[in-house]
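Chemist: If you read the protein sequences in the order shown, they are chains Y and Z. Residue numbers for the first sequence follow the numbering used here, beginning at 152 and rising by one. Residue numbers for the second sequence follow the numbering used here, beginning at -18 and rising by one.
Calculated from the structure, these hints are not laboratory results. The beta-carbon is built from N, C-alpha and C at its ideal position, and this holds for glycine as well. Any given hint could turn out to be false.
Cβ pair distances, simulated, as ranges [stated by the list, open to error]:
(1) Y:Thr598 / Z:Tyr233: 56 to 62 angstroms
(2) Y:Ile557 / Z:Asp265: 25 to 31 angstroms
(3) Z:Ala30 / Y:Trp458: 46 to 52 angstroms
(4) Z:Pro404 / Y:Glu453: 55 to 61 angstroms
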Amino acid sequence: MNLIQATKLGTLKMIFRQIGGLLIILGYAMAIPLVVSLIYSEFYSATGFLFSGLICYFIGLLLHKNIKTTTEPLNRHALIIAAMGWLSIAVMGALPFIIIAYITPVEVAQQFVPSTADYQSSLFYFRNPLHAFFESMSGFTTTGLTMSVHEPSIGKGLLFYRSLSQWIGGAGFIVLALAVLTQSSGKIAFLLYGTESSGERLRPTIIDTARSIWKIYLGVTLFSFVYLAVGTYLILPEYNLTEIIFNSINHAMTGQATGGFSTFDDSIAGYSSRPMEILHFLPMLLGALSLPFYFKVFYDKEFKQIWKNLQTCSIIISCILGSLLLSWMLSKADILAEPYRDGVFQYISALTGTGWQTSNIHAWDAPSIVFIVMGAMVVGGAAGSTVGGVKIIRVLLLFKGLFWHINSYFFSDNSIKVVKFNEKRFLPDEMNRELAATATFVFIYITFVLIAAFITYYLMGPDYSITDALFESATAQGTVGLSCGITHPGMSPILEITYIIQMWLGRLEIIPVLILFRTIFLGTKPKVE
Amino acid sequence: MKVIIAGDGEVGFYLAELLEKEYQDITLIDKQSEKLAFTENKLGIATIAGDATSYKVLKQAGIKNADLLIAVTSVEPTNITTCLIGKKLGAKYTIARINNMEYLVDKDTLDLRNLGIDELVSPESLAAREVKYSLKSPVLTEVFNLYKKDLYMMGVRVENDAPIINRSIAESAQLLSNSSFMIVAVLRDGKTLIPSGDLVILKGDLLYFVASDKGKEKVIQYAGKKPIKIKNILIIGGSRTGKYIALRLGEYYNIKLIEKNLETCNYLAKNIPHVQFVWGDGADIDLLEEEKISEYDAVISVTGNAETNILSSLLAKDHGVKKTIAMVENMGLFDYSQKMGVDTLINKKMAAANFVFRQILKGRVLTQLYGIRAEIQEFTIKKNSKIINKPIKEFNFPEDAIISGVIRDGKGYITLGDFELKPDDTVFVFSLPRSVKEVAAFFK
């Protein structure tokens, strides 16, 4: 065997070993909805989770324990692992949907449908593996687009599994794997950590950093749960208490992950209560703030971060200004009964990438849709949080770069044109590097959104317009999850696959996926020109 | 008094030179024996070649009985270590030269005194402080504080249109009548004169005043100057001194700093806020014109090269800059540069040496001024002294010396001819070196 083949095999081994680790964790994670299914006596669902969990666990174990590797990891390997890892998670994560859809008898599934309603259980859509894959990808990437038309009709176990998948996907599977599987070597841990999050080191070791991230994440989620449960109880005292707890847990998880799956048929609008909508502002906002920011405030006690942190401040300011502007545009269009109620909720939901829906966006006028796409969904929340989009910090950097460029014409030739951004001072070279990387990313991002919008335009139903196509494409790529109705079990499979790829790209910030494609089609040799 | 100085650099040499005149027992430690040989020849003091952080070397220097250990090498950790070891080996008082501003600002963090360092001195930051004071009163060539906010010492150059030119001090006495300032010395052609009433003031004289806070403005009027306000500053040279000036003043003035070395320039640009940095040679006239030197109110030249600094300052003067400050480490150039028209000189080693003197000698010799060979001494009047309750103009005071201010009950007073001394007054006397002993005898 020659040397090149040996290295390639070593690389493959290393990649599969790491993916094995991720699958083991996925297997463990499926035990939680198993318990929930048992609590609600959904035995078919429980069986489904048991089998899918065991399959994931054993495949993972096979890959992780049996492959021994000595290959020195490189940056590109980490990126390939991230891309492949997320794909495998989404594929394997689809198993419970498929298995449960097949083994649950029709009459049992029909029991999940609320007694007042009269429709077929949405569970059976998942007998189509593509729909199950879509749902799983939408879950783990915290998007929130869904194939379960009537959510409550898939059973509590699966509802909980959907929320859990968003919650785990939010803080990151790889980060979780690093926190739990301590045997990763320092270098691969460092490289992997950088692929999925802001790469900010909070503790001297990556393992400790990953654990801190998860502790904070868990902490904020628990806070959201208590907040939602108490809030719901106060606002809607006539509600069933166990329902309140179940809904609050699910919404706390999907809110913190800015995922947007809901336990209701029509999302947060299902409460039909204005105070309940206001109650849900906070979890969305908390989810859009960067986890390192929480760490600095609560662990390092840097309270001045609350008003000094650029990202946090910009998100709050954008939420206020953007939601007012959107509401105003909607009231001008004069379509909705309550433009301000819908405008504010939808803007925050879109900017934070949550995707809880209270309004029929399909009915909106074109300017409002374009505004929410460009001014909220493409922008997204803070880097280092669970949101999609290009991240607000990149948008700010581009604007700062523009001002800097204009301003530099007013300096003398020999001046060092330093620029200050986010408490850091950049020399011209450094700033140009940052700008180039950011601009390239934003450009690719928008290009993908546009390409997908065109694909949507040719494959969607006749009721929709080009702005609807743009909206649906942006929501998939920004892992937002708001929908104007194009996403539906009856949609074209090609379009469905397009959105699956977009969600995957959106969660990983595109580059890892492109590197994976480069490796598959062109190999690992550098292209010399 | 036994003094050990570690580091035969500019500061060390200058300190040794000053202390040698006052005290017998000075030992200088340095690693370079050629340097030491030069110093030994020049000053006739004891020297030891070796590392000041070594027990053996310190013991050899007689650290056991040393009253004072001054570590002024250019390497900060060496200075700190030397003082720590020296203190443990028996030195009574230690002074370390440092570069890291954090140690000065956050004194309590380490509690250096407890560790064994009694005083810290940073020549660059002292120089920056002088620049700061000097920019506050830009028409003065130098200012320093004699006593609290009551007494200042300051220098002003007399120019063409001053009303006092070609008149004796006695003739312009009516301008002095409000007793808020007095002339204590005149520097003319490199010679220091202690004025008497009939001294005629000529164009180009550098007058030294002692003034109260209110008197500062009057001094400026008296010398025929109009107050100017500084807003835009051009600093030439990103030396350590330049860096401290930029750091200290960046918030209050519009500052542009020119530095020759690109790496240094980038480093400074990255770390110092509110200051605009330009990469280029500060001695390049084209560049200075391109950077619009004439639009600046003040030009501060602090490159490592005294000649460059003087040249840039003169160039700035030529372009109409109102205030020029040059760092001149070579004391031989003081007189010429002042004569040619550099407004204010700064000198790191003199700043450091003055600071050290003030710390250790508490009163004996207060300070050295740039360019003039005179000293300020401090005396306390005894109860039964013969000179109390008598106007000082009636004293038979030594020549080439002048009483230049009194502290009474915690307040400072200007001492014109009619002033009468009282017991327990603290008197400042400004005198030429040759009268120092006579003055001391007078107050006994």
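Chemist: Could you run down the list of hints and mark each one as holding or not?
Modeler: Results of checking the hints against the structure:
no.: 1; hint: Y:Thr598 / Z:Tyr233: 56 to 62 angstroms; result: 48 angstroms, violated
no.: 2; hint: Y:Ile557 / Z:Asp265: 25 to 31 angstroms; result: 29 angstroms, holds
no.: 3; hint: Z:Ala30 / Y:Trp458: 46 to 52 angstroms; result: 59 angstroms, violated
no.: 4; hint: Z:Pro404 / Y:Glu453: 55 to 61 angstroms; result: 59 angstroms, holds
Checked against the numbered hints given earlier, the structure breaks hints 1, 3 and satisfies all the rest.
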